Amino acid sequence: MRPISWVLAGVTLVAFIAMYLPVLVVALLSFFWVRRGVVQWESFSFDAFAALAANADLTGVLTNSILIAAAASLLSVAVAAILALLVASRMPRAVVALVEFMVFLPFVLPPIVTGLSLLIAFREVGLARGLAAVTVGHVVVVLAVVYSTIINRLRALSPTLVAASADLGANGWQTFRFVVLPQMSSALVAAGVLAFALSLDETVVTLFLVGDSSTLPIRLYSLMRVGISAEVNALATLVIGFTTVVAIFAGRALLQHNPHEGNNA
Amino acid sequence: MVLRLDRVTKVYNQFTVLQELSLDVRRGEFLTILGPSGSGKTTVLQLIAGIAQHTSGRLLFNGKDIGRLPASQRPFNTVFQDYALFPHMTVADNVGYGPRIKGMNRRDLLSLVEQALEHVELGGMGKRYPAQLSGGQRQRVALARALINKPSIVLLDEPLSALDAVLRRQMQVFLKAAQRSSGVTFVFVTHDQEEAVAMSDRICVMNGGRVEQLGTPAQIYHEPSNRFVSSFMGETNALSAIVWSIDNDRVVLRSALGDLIAYKRPYYAFVPGAEVLLNVRPESVQLDVSGGAPNTNRLVAKVVDRAFLGPNSKLTLAFPQAQNLHWDVRTLGNHELPAAAGKAGEVTAWFRPEDCALVPASGS
Ligand SMILES: Nc1ncnc2c1ncn2[C@@H]1O[C@H](COP(=O)(O)OP(=O)(O)O)[C@@H](O)[C@H]1O
Ligand SMILES: [Mg+2]
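Taken in sequence, the protein lines are chains S and C. Count the first sequence with the working numbering and you get residues 1 to 265, in order. Count the second sequence with the working numbering and you get residues 1001 to 1364, in order.
Treat the hints with care, as some may be off.
To be verified - Not the full set, but computed from the structure, chain C residues with beta-carbon under 10 Å of chain S:
| # | residue |
| --- | --- |
| 1 | Ser1072 |
| 2 | Arg1074 |
| 3 | Phe1076 |
| 4 | Thr1078 |
| 5 | Asp1082 |
| 6 | Phe1086 |
| 7 | Ile1101 |
| 8 | Ala1146 |
| 9 | Leu1155 |
What the hints assert, rightly or not - Here chain C is said to cover these stretches of chain S; the calculated rule only asks that three of the stretch's residues, wherever they fall, bring their Cβ under 8 Å from a Cβ of chain C:
| # | stretch |
| --- | --- |
| 10 | 148-161 |
| 11 | 164-172 |
| 12 | 177-185 |
These aren't lab readings, by the way, just hints derived from the structure by calculation. None of these values were measured; they are calculated from a predicted model. C-beta: ideal position from N, C-alpha, C; glycine also.
When you get a sec, could you build the whole thing from the sequences and use the hints?
See below:
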């Protein structure tokens, strides 16, 4: 290897260590005791996880977060899919521009502005602060990412496939059901997983809307003042493991979106 | 006649793509729409299929106006230029799509699809996906997917343009045979005049959104009705001339190469004094090798270029009376090359009055 390659390899290694060492430490801490910086290997146990399971407060906020993430991802995918289908179906240019502007705006605004605006707007329409408000807020925040994932797939869909379906006797619904939907299904899954992951750790907008309830990031943030306990490590390990699996799943759905798709251009 | 386009006009954002186009399609024929890229061929097919709507005019099927029927309700099926096979469906599901949409039960569908695949020589390939097929195979899947619906007309949009030369020839033969055996009317689009001549019962030559000529391949080739058709249908030697007199069966022409005689065709509407363009195909120009050529249409020329092309050779002739005028001559094989060229490369070329065609000098 030439010197420049050694430098690149070194930088990469340092970056990877910086990124993943803390994660590794958290995972270690959830299984072992550490005394004066030395891992006590003989102390291996699932005690931290047992403590977590017994901690009604933490499992409660975890359940809240998962419910919100699930609802927000389903809702955002549904809304984004409808918008994308409308935009892809010969809408006037001005309408497309307006829709995309509205979808992308919360993505570029600082979350504090978005959170505050939503808070004010929800008060006007009478939506009380709480988990429902947080869910709607998350939909607003993740919609841009979800929408662009779906619209990109739709734009890549050859218009002659739709024409061919109609030519073979299918009505609009049948064409959607048998041709368009299967082509976009993997994008829907990927977008949903992405929305779930984004919602799970959304903090700033949540702060404005959560009211007396709490979600996992909010609770973890408040726990920092009293110090991190073993069950928090266990919780973090679970979240990291789950997120990794989900990320792999989403990546695969996006990359090989259709194993049978060839050069059908 | 099954289908009639009656003065059909198509306008896309103020741009007229088809202009008062009229065309009859006959039952059971292989009709080719031939024209350069952008001449409106695809648009004609889309209007027939119902994928696009015409701006004015009428579209009559068996006498009924079908112009506002949606594509799904017209008894026509299309083989798209890019095949448009559904990539997420197997070959069998692609082929069975039409009948399945119309509610055919599974068992009938299975045997019908297998039969359709056999018909295009793809028996047993039903479980594959389009991406696993070669270009020619995809082509045949697209054809089977159209034919299985028993359409009155199959519309084919340049289906062979993506194939290499050898496969292309095979598919030409295959398509022609499929059309004959099914008895279904084919409307076939191509920009390749050789393909059109080889496959069609009739050819409709299009240019700039209009029909230039409609006729059998022989008519289109030997009796072009205007300059565009004569130059688009393969190589031709053109010469400006003036009609001098017209007999019962001959037209006497005056040209830079002297007086020439053309056989009078029934459709000619020229009067003496008309400016015309005389066209002689390269294979119709003869070289006087043995000195026995007739006295009419004799041209003294100089060979300025020769090219051996395999089955024949091409000589390029120049004329002392007309600078910048070059004619091409096709001679069989290579053997006539040395013999025909006399002193200083001079030859006598001639053509029969019935081997030339006149078109108006003006117009397209
Ligand atoms: N959807 C469309 N919108 C605007 N112009 C079009 C559209 N489809 C075709 N055209 C124009 O119409 C003309 C004819 O196109 P087409 O029918 O595709 O020609 P061909 O198939 O003979 O190449 C072209 O100039 C093309 O740009
Ligand atoms: Mg075309």
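Query raised in the report: In terms of beta carbon proximity below 8 Å, does the stretch 164-172 of chain S have 3 or more residues touching chain C?
Result: Since 8 is at least three, the answer is holds.
Query raised in the report: Are there three or more residues in the stretch 177-185 of chain S whose C-beta lies closer than 8 Å to some C-beta of chain C?
Result: holds (count 4)
Report task. Could you check if Leu1155 (chain C) really has its C-beta closer than 10 Å to a C-beta on chain S? Result -> 9 Å, holds
Query raised in the report: Given Phe1086 (chain C) as an interface hint, is the shortest Cβ-Cβ distance to chain S below 10 Å?
Result: OK, holds: Phe1086 (chain C) within 10 Å of chain S, min 6 Å.
Query raised in the report: Any CB of chain S closer than 10 Å to the CB of Ala1146 (chain C)?
Result: Constraint on Ala1146 (chain C) satisfied, holds at 8 Å.
**Report entry** Restraint satisfaction for Arg1074 (chain C) [CB to CB of chain S, less than 10 Å]
**Finding:** 8 Å, holds
Query raised in the report: With a cut-off of 10 Å, does the beta carbon of Ser1072 (chain C) approach a beta carbon of chain S closely enough for the hint to hold?
Result: 5 Å, holds
Report task. Go check the stretch 148-161 of chain S versus chain C for me, would you? Three or more residues, Cβ under 8 Å, otherwise it fails. Result -> Since 3 is at least three, the answer is holds.
Query raised in the report: Do the numbers back the hint for Asp1082 (chain C), that is, is its least Cβ distance to chain S under 10 Å?
Result: Since chain S brings a Cβ to about 6 Å from Asp1082 (chain C), closer than 10 Å, the hint holds.
Query raised in the report: Hey, does the Phe1076 (chain C) contact hint survive, CB to chain S under 10 Å?
Result: Given a least distance of 8 Å, the restraint on Phe1076 (chain C) holds.
Query - Closest C-beta approach of Thr1078 (chain C) to chain S relative to 10 Å, hint status - result: 5 Å, holds
Report task. Answer holds if the nearest beta-carbon of chain S is closer than 10 Å to that of Ile1101 (chain C); otherwise answer violated. Result -> 5 Å, holds
Consistency with the previously given hints is maintained throughout, with no hint failing.
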